[in-house]
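Colleague: Each chain, written out:
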Amino acid sequence: MDSLSYSLRVIWACAKKDIRTALTERLFTIVGLFVPVTVLILMSLFAISGGKAPTAVVMLDQGPYAQAFYQSMDHAHSFILEQTSTTEAARQLSAGEIVAVVTIPADFDSGLRQNQPVSINVAINNLNTDFTNDIRRAIPLSITSFYASSFPNLVNITTHEVDAYPQDTDYIPYLAVSILVIALMIGGLLQSGPASAKEWESHTIKELLLSPASRWAITTGKMLGSILIGLGSAIVVVIVLIFIVGIQPAHWLELIGYTLLCLIIFNSIGVLFGTLIKQRMPVIALSMGTALPLFFISGAFGPISFQTPIIQWMAPLSPAYYLIVLFQHSFHNFYLNTLSMGANTLILIVFALVIIGLETLALNRSVLSH
Amino acid sequence: MRDFFHLSWMIMLKDLRVYFKHPTNIVVVLVPSIVFLLIQALGAAAVGRSPVALVNQDNGIEGQRIVQSIRDADVFRLSEVDATQAQTLYDQLRVVAIVTIPAGFTNRVEAHQPASVDVLVNNLNLDFTNDIRRAVPDAITRYYQAQGDASPIKVTMNETDLRAVDVELFQYAALPAIIMLLLIGGLITGGLSTAREFEDETIKELLLSPVPSAAIVVGKVLAGFITSFCLGAIILGGVTILGWVHPSGIYWLVGLLVVALTALFGAGLGVTIGASIRHVMPVIVVSLILTFYLFFLAGGVGVLAFEPTWLQQIAVFDPLTYGTHALQMALFYQSSDLLLRDGIVLALSALATLGIGSAAVRRVI
Numbered sequence: 001m002d003s004l005s006y007s008l009r010v011i012w013a014c015a016k017k018d019i020r021t022a023l024t025e026r027l028f029t030i031v032g033l034f035v036p037v038t039v040l041i042l043m044s045l046f047a048i049s050g051g052k053a054p055t056a057v058v059m060l061d062q063g064p065y066a067q068a069f070y071q072s073m074d075h076a077h078s079f080i081l082e083q084t085s086t087t088e089a090a091r092q093l094s095a096g097e098i099v100a101v102v103t104i105p106a107d108f109d110s111g112l113r114q115n116q117p118v119s120i121n122v123a124i125n126n127l128n129t130d131f132t133n134d135i136r137r138a139i140p141l142s143i144t145s146f147y148a149s150s151f152p153n154l155v156n157i158t159t160h161e162v163d164a165y166p167q168d169t170d171y172i173p174y175l176a177v178s179i180l181v182i183a184l185m186i187g188g189l190l191q192s193g194p195a196s197a198k199e200w201e202s203h204t205i206k207e208l209l210l211s212p213a214s215r216w217a218i219t220t221g222k223m224l225g226s227i228l229i230g231l232g233s234a235i236v237v238v239i240v241l242i243f244i245v246g247i248q249p250a251h252w253l254e255l256i257g258y259t260l261l262c263l264i265i266f267n268s269i270g271v272l273f274g275t276l277i278k279q280r281m282p283v284i285a286l287s288m289g290t291a292l293p294l295f296f297i298s299g300a301f302g303p304i305s306f307q308t309p310i311i312q313w314m315a316p317l318s319p320a321y322y323l324i325v326l327f328q329h330s331f332h333n334f335y336l337n338t339l340s341m342g343a344n345t346l347i348l349i350v351f352a353l354v355i356i357g358l359e360t361l362a363l364n365r366s367v368l369s370h
Numbered sequence: 001m002r003d004f005f006h007l008s009w010m011i012m013l014k015d016l017r018v019y020f021k022h023p024t025n026i027v028v029v030l031v032p033s034i035v036f037l038l039i040q041a042l043g044a045a046a047v048g049r050s051p052v053a054l055v056n057q058d059n060g061i062e063g064q065r066i067v068q069s070i071r072d073a074d075v076f077r078l079s080e081v082d083a084t085q086a087q088t089l090y091d092q093l094r095v096v097a098i099v100t101i102p103a104g105f106t107n108r109v110e111a112h113q114p115a116s117v118d119v120l121v122n123n124l125n126l127d128f129t130n131d132i133r134r135a136v137p138d139a140i141t142r143y144y145q146a147q148g149d150a151s152p153i154k155v156t157m158n159e160t161d162l163r164a165v166d167v168e169l170f171q172y173a174a175l176p177a178i179i180m181l182l183l184i185g186g187l188i189t190g191g192l193s194t195a196r197e198f199e200d201e202t203i204k205e206l207l208l209s210p211v212p213s214a215a216i217v218v219g220k221v222l223a224g225f226i227t228s229f230c231l232g233a234i235i236l237g238g239v240t241i242l243g244w245v246h247p248s249g250i251y252w253l254v255g256l257l258v259v260a261l262t263a264l265f266g267a268g269l270g271v272t273i274g275a276s277i278r279h280v281m282p283v284i285v286v287s288l289i290l291t292f293y294l295f296f297l298a299g300g301v302g303v304l305a306f307e308p309t310w311l312q313q314i315a316v317f318d319p320l321t322y323g324t325h326a327l328q329m330a331l332f333y334q335s336s337d338l339l340l341r342d343g344i345v346l347a348l349s350a351l352a353t354l355g356i357g358s359a360a361v362r363r364v365i
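Line order of the protein sequences matches chains H and E. The first sequence begins at 1 in this note's numbering and counts up by one. The second sequence begins at 1 in this note's numbering and counts up by one.
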């Protein structure tokens, strides 16, 4: 009992000491606190265009079929349309302001009435195949849906879509939740990693290791200090997501629980990085440098099972993957893998315990080396 | 003047020695960009080609034809299975959608009755859902096109591409990543070497010596420039060997010039930040955050021209926008489109950072 009480005092003392130290390095701490919000804002820019291609439509025919075709394009979930003249469209295309120019020819209506072939010219700014292929597929979609609505007797094959969820979730509401995890990750790593490495840089770790305090209590104390500092930053980033980006959580309690779990996981990883690397600069660079790659391999865009096999193999090695699954459930009620939420949570708890174990081990090895 | 360059040269050599004494500096600069490039390449195969289960419950010829059209469209990663297997794959999240050609499809098509291709889609986000919504009609259009003159669809698409080559998404993402690497390289080298002088108080010796502050700044910028330019050139060589870019002739030189100007800008900015903040730790964090801002605002993970106007207006003030544009034009499209504008903006930005950096160091006096 005395031993537990002593360990709790050690934990609290280490946490208090780290908080005080952080307050002496005001600039670093303040900048670090704003990192998660910064990451959320910046990465959201990635999704802001919503995957729709700005496209100019030159209507050389204003007949009812031409108008109907324009409407079909408008409903194709693919374009941001603007009607313009041939000259202006050519200028916009060459200036790189639009992805494509679709020209509806002057004989569009008459050609269709006479059952003659009609060719729609599509000039594409084929900067990259992602956008180009979207256009290459969206025009046939427009053509097919145009025929289905204007000539239902001629084109009788149509798509009958049944959706799994009653409403579509747009790019930003979906991606912003994944980005939240990455933002909390960077925030956690930046709070705990440098604080831990600093003990080695300034050699104060010797005093800690020579004390009778248990290794796990030291580690937990350092984690707790970083979590308490990072908590404010986490609250700010969640508030921005809910009240500014406008994504309402489906399960509030889950959100609170997963946010705390996220802080524990990434702060413990940060302490481990600091203990292993022992220098603040590479710890900071590693913390920020892992953000983009982890964003791409952790299932930020959708279920990981839709990705390539190698990404499917890599993702489960990252706690960010399970956290994205959990956060998407707490916000949108989505299930992104076949495990239950409890199983995902359990895996993360095991992650946290393993990391704390590794930290303790790393500290023990340090004693041996001393 | 000769003394000035000699002094700058000596400061540069000193900073380079310190830089190579800390190999972690190189790791810090290289790792994020290389890992980013690698991940992009690994994930590229999935972009735009969603996994889909295809179930053909029709035994007729039209069912076979529409299935063939779906295969030919090459827009899915197809699993051709029966309904039960498809449902299992769907439940296990192995496929985004189940495309079903229902029984009696051929009869309905031949009787000119409405015949639907059933699509059950996991619409949890618009990215995947819209891919499916576009791809199934694409296959239907192919089905009709295969009928030639007998096709009831008389409207066809005549595509004209603005550029001679199609560039894959992962290739497209490579150049902004190189620009990011150049900026991080310049900022970290220039920023740390300057901030360290202040933290170790060796700046006093430099400032008390008869060395002009401009020579100190030039020496430090040169060190940052050389390290990040070399790293940038090596990575550029690497992606060329991998076949991600195909520079040829004069465009090799143009590419290297853009790399040089961006490295110079990064190093100048690094020295400015180092002299302004004067502490190593905040310099690192500020440098990395600034790099993220400039990278994303320059359309680092998208196509800037297709982003909202307000974002494009902000990007006008971001020098990386010009570096990325010039590099893409030169290395992908063998084009010098707006090269003069891009070069001037990058050069002026580099000069501006040199001036501000010099003023920041002089302020200490």
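Note that these hints are calculated values from the structure, not bench results. Note that the structure is predicted; figures quoted are calculated from it, not measured. In this text, a Cβ means the ideal position worked out from N, Cα and C, and glycines have one as well. One should not assume that every hint holds.
To be verified - If the Cβ cut is set under 7 Å, some of the chain H residues that face chain E in the computed set are:
#, residue
1, P54
2, V58
3, Q92
4, G96
5, A285
6, G289
To be verified - Where chain H lies over chain E, by a calculated footprint (3+ residues, C-beta under 8 Å):
#, region
7, 104-118
8, 341-355
As the list claims (entries may be wrong) - Here are the simulated lysine to aspartate or glutamate pairs, EDC-like style, with alpha carbons at most 16 Å apart:
#, chain 1, residue 1, chain 2, residue 2
9, H, K52, H, D130
10, E, K154, H, E97
11, E, K154, H, D74
12, H, K52, H, D74
13, H, K278, H, E201
14, E, K14, E, E307
15, H, K52, H, D107
16, H, K52, E, E307
17, H, K52, H, D170
Colleague: State for each hint whether it applies.
Modeller: To see whether the hints hold, each was checked on the structure:
no., hint, result
1, P54, "holds, 6 Å"
2, V58, "violated, 13 Å"
3, Q92, "violated, 10 Å"
4, G96, "holds, 4 Å"
5, A285, "holds, 4 Å"
6, G289, "holds, 3 Å"
7, 104-118, "holds (count 9)"
8, 341-355, "violated (count 0)"
9, K52/H - D130/H, "holds, 11 Å"
10, K154/E - E97/H, "violated, 31 Å"
11, K154/E - D74/H, "violated, 20 Å"
12, K52/H - D74/H, "holds, 11 Å"
13, K278/H - E201/H, "holds, 7 Å"
14, K14/E - E307/E, "violated, 44 Å"
15, K52/H - D107/H, "violated, 28 Å"
16, K52/H - E307/E, "holds, 9 Å"
17, K52/H - D170/H, "holds, 11 Å"
The structure is inconsistent with the numbered hints 2, 3, 8, 10, 11, 14, 15, although it conforms to all the rest.
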